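Asks: Numbering (the working numbering), first residue to last: 13 to 495.
These are computed hints drawn from the structure, not numbers from a lab.
Where hints are given, some of them may not hold.
[What the hints assert, rightly or not] Below, a list of computed lysine-lysine pairs in the DSSO-like style, where the Cα atoms sit at most 27 angstroms apart:
| # | residue 1 | residue 2 |
| --- | --- | --- |
| 1 | K480 | K407 |
| 2 | K362 | K437 |
| 3 | K192 | K114 |
| 4 | K166 | K114 |
| 5 | K170 | K114 |
| 6 | K114 | K362 |
| 7 | K480 | K192 |
| 8 | K407 | K495 |
| 9 | K166 | K362 |
| 10 | K192 | K170 |
| 11 | K279 | K166 |
| 12 | K279 | K495 |
| 13 | K480 | K362 |
Keep in mind it's a predicted model, so treat the numbers as computed, not measured.
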Amino acid sequence: MLTLTLILLPIIAGLLTLSTKGENAKVIALVAALVELALGAYTFFAFVPDATSQFGVSYNWIASAGIKFSVGIDGISLILVSLTTLVVPFIILSTFQNNYEKASTFYSLILFMQAGLVGVFTAKDAFLFYFFFEAALIPIYFIAAIWGGENRVKVTFKFFVYTIFGSLFMLLALVYLYIKTPTHSSEITALYETARLLDASQQGFIFWAFFIAFAIKMPLFPFHTWQPDTYVEAPTAGTMLLSGIMLKMGTYGLIRLLLPIAPLGVKAWGTVAVVLAIIGIVYGSIIAIQQRDMKRLIAYSSFAHVGLMAAGIFSGNLDGIQGSLIQMLAHGINVVGLFFVVEIIQQRTKSRELSSLGGITQTTPQLTIFFIIIMLGSVALPLTNGFVGEFLLLKGVFEYNAWMGAVAGLTIILGAVYMLRLVQKSMFGTTTSLTEGFEDLGLTERATLLPIAVLVIVLGIAPNIILKASEPAVSQLLSIINK
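I would like the entire structure built from these sequences, with the hints used as guidance.
Replies: Next up, the structure:
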């Protein structure tokens, strides 16, 4: 019942928030998110690290078709559920300085999206996974379309079309697998067994159907063209949801569905996927170095990080998949912190252009310290949360192919270049007319950035908290893939 509670609580709180007027909406949303965080923390520490699914429930949903409302948490989904419950309170708290029109709708959509994301990460039925996969898209579409920038309608329409288009490929693959399943069951574990009945060409079709759906959602080169504009035009809270959590639906889908269901397809086409991922790493990093807009720079850096995660997943070994899981958690924390720093700077200066900023450190010791800590986590400095995941990912890709690992390793250099440039151009140097008298952090801003900075350090010092929880489930998954 615990998993079901994690899904239902944001929905109930979202409905309550929707019926609330004025400033109370954000307070109710924050309280609900904190309760969800407490439940997520209890789930994490109550979880017994083994390969079994825990805290689950299963009900007949469409009984005549063998489709169930079946949810549960194993070591893989535990990391993503923890990320979702952890990050949403920070996102809501980061908005407390803003006054949104129709605030009750805005905060209820955030909570509804959280429910959809938890559903994706806990679904044990393939069609239930698809349902939540699509349901999570609806709130973020309205958040971006209603509260976004000047070009929000055009940009969000492109985003919606891209993601719906990709999801249709996944639905087609799921229907095909369902038909091929002897018991006509849509349980994900049943689909694993069905994969053994499919030949290489059939699995090749399954591979590409899933790959396109998840590559668009992450996004992965060359399916990424919706991402930079959407990240820039969406309100900062929406960008945090997109980059911090939503893109992980794609990487999670690769691990949960694509690898174990289409192992022959991965064997035939996995190298192509790794090459595309590595192209994305280098391409995204080079474009990030050239950006003048802070938000767009971080958007491209996120795109590059996702490329490394995907390459590690397709390496098909323990280090690559374990590295991707801890990197998903670290990236979600770091990118939320980075986008919030950009929001703080934009609110005070009315600009995100690096050329118009500078000298902020002279009056903001607190902001400077938090910004640098989060930036160091993003560039994977040892003893920060980004280091362990990036190390394991590169080790996994090296085990897969040394040359590919060497090219992927450029992320260490390129990532340092664009992130150090971001901090240097925005925070250091001479004060400009826009940054003169820049005020340091307020109470809610400190309350948001301090825990994020602490997590950057704690997860870097004690990564085994995460790795031990997920390793049994990852090992079992690899045994299924390598049968």
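Asks: Between the alpha carbons of K480 and K407, is the straight-line distance 27 angstroms or under?
Replies: Judged against 27 angstroms, a Cα distance of about 18 angstroms means the pair holds.
Asks: Is K114 close enough to K362, meaning Cα to Cα at most 27 angstroms?
Replies: Given pair K114, K362 holds - Cα atoms ~23 angstroms apart, limit 27 angstroms.
Asks: K279 and K166 were given as a pair; does the straight-line alpha-carbon distance stay at or below 27 angstroms?
Replies: It is violated: about 39 angstroms lies between the C-alpha atoms, which goes past 27 angstroms.
Asks: Given the hint that K480 pairs with K362, does the C-alpha gap stay at or below 27 angstroms?
Replies: violated (45 angstroms)
Asks: Is the Cα-Cα distance between K407 and K495 27 angstroms or less?
Replies: Satisfied, since the Cα-Cα distance of roughly 23 angstroms is no more than 27 angstroms.
Asks: Can you confirm whether the C-alpha distance between K166 and K114 stays at or below 27 angstroms?
Replies: Given that 27 angstroms is the threshold and the Cα spacing comes to 22 angstroms, the pair holds.
Asks: Would you check the hint for K192 and K170, treating anything up to 27 angstroms between C-alpha atoms as holding?
Replies: With Cα atoms ~34 angstroms apart, K192 and K170 exceed 27 angstroms; violated.
Asks: Holds or violated: K192 with K114, Cα cutoff 27 angstroms?
Replies: Violated, because 47 angstroms separates the two Cα atoms, which is more than 27 angstroms.
Asks: Within a Cα-Cα threshold of 27 angstroms, do K480 and K192 meet the stated pairing?
Replies: With Cα atoms ~36 angstroms apart, K480 and K192 exceed 27 angstroms; violated.
Asks: Taking only the CA atoms, is the gap from K166 to K362 under or equal to 27 angstroms?
Replies: holds (23 angstroms)
Asks: Are the Cα positions of K170 and K114 separated by 27 angstroms at most?
Replies: holds (24 angstroms)
Asks: Is K362 close enough to K437, meaning Cα to Cα at most 27 angstroms?
Replies: holds (16 angstroms)
In the structure shown, a violation is registered for the earlier hints numbered 3, 7, 10, 11 and 13, in ascending order.
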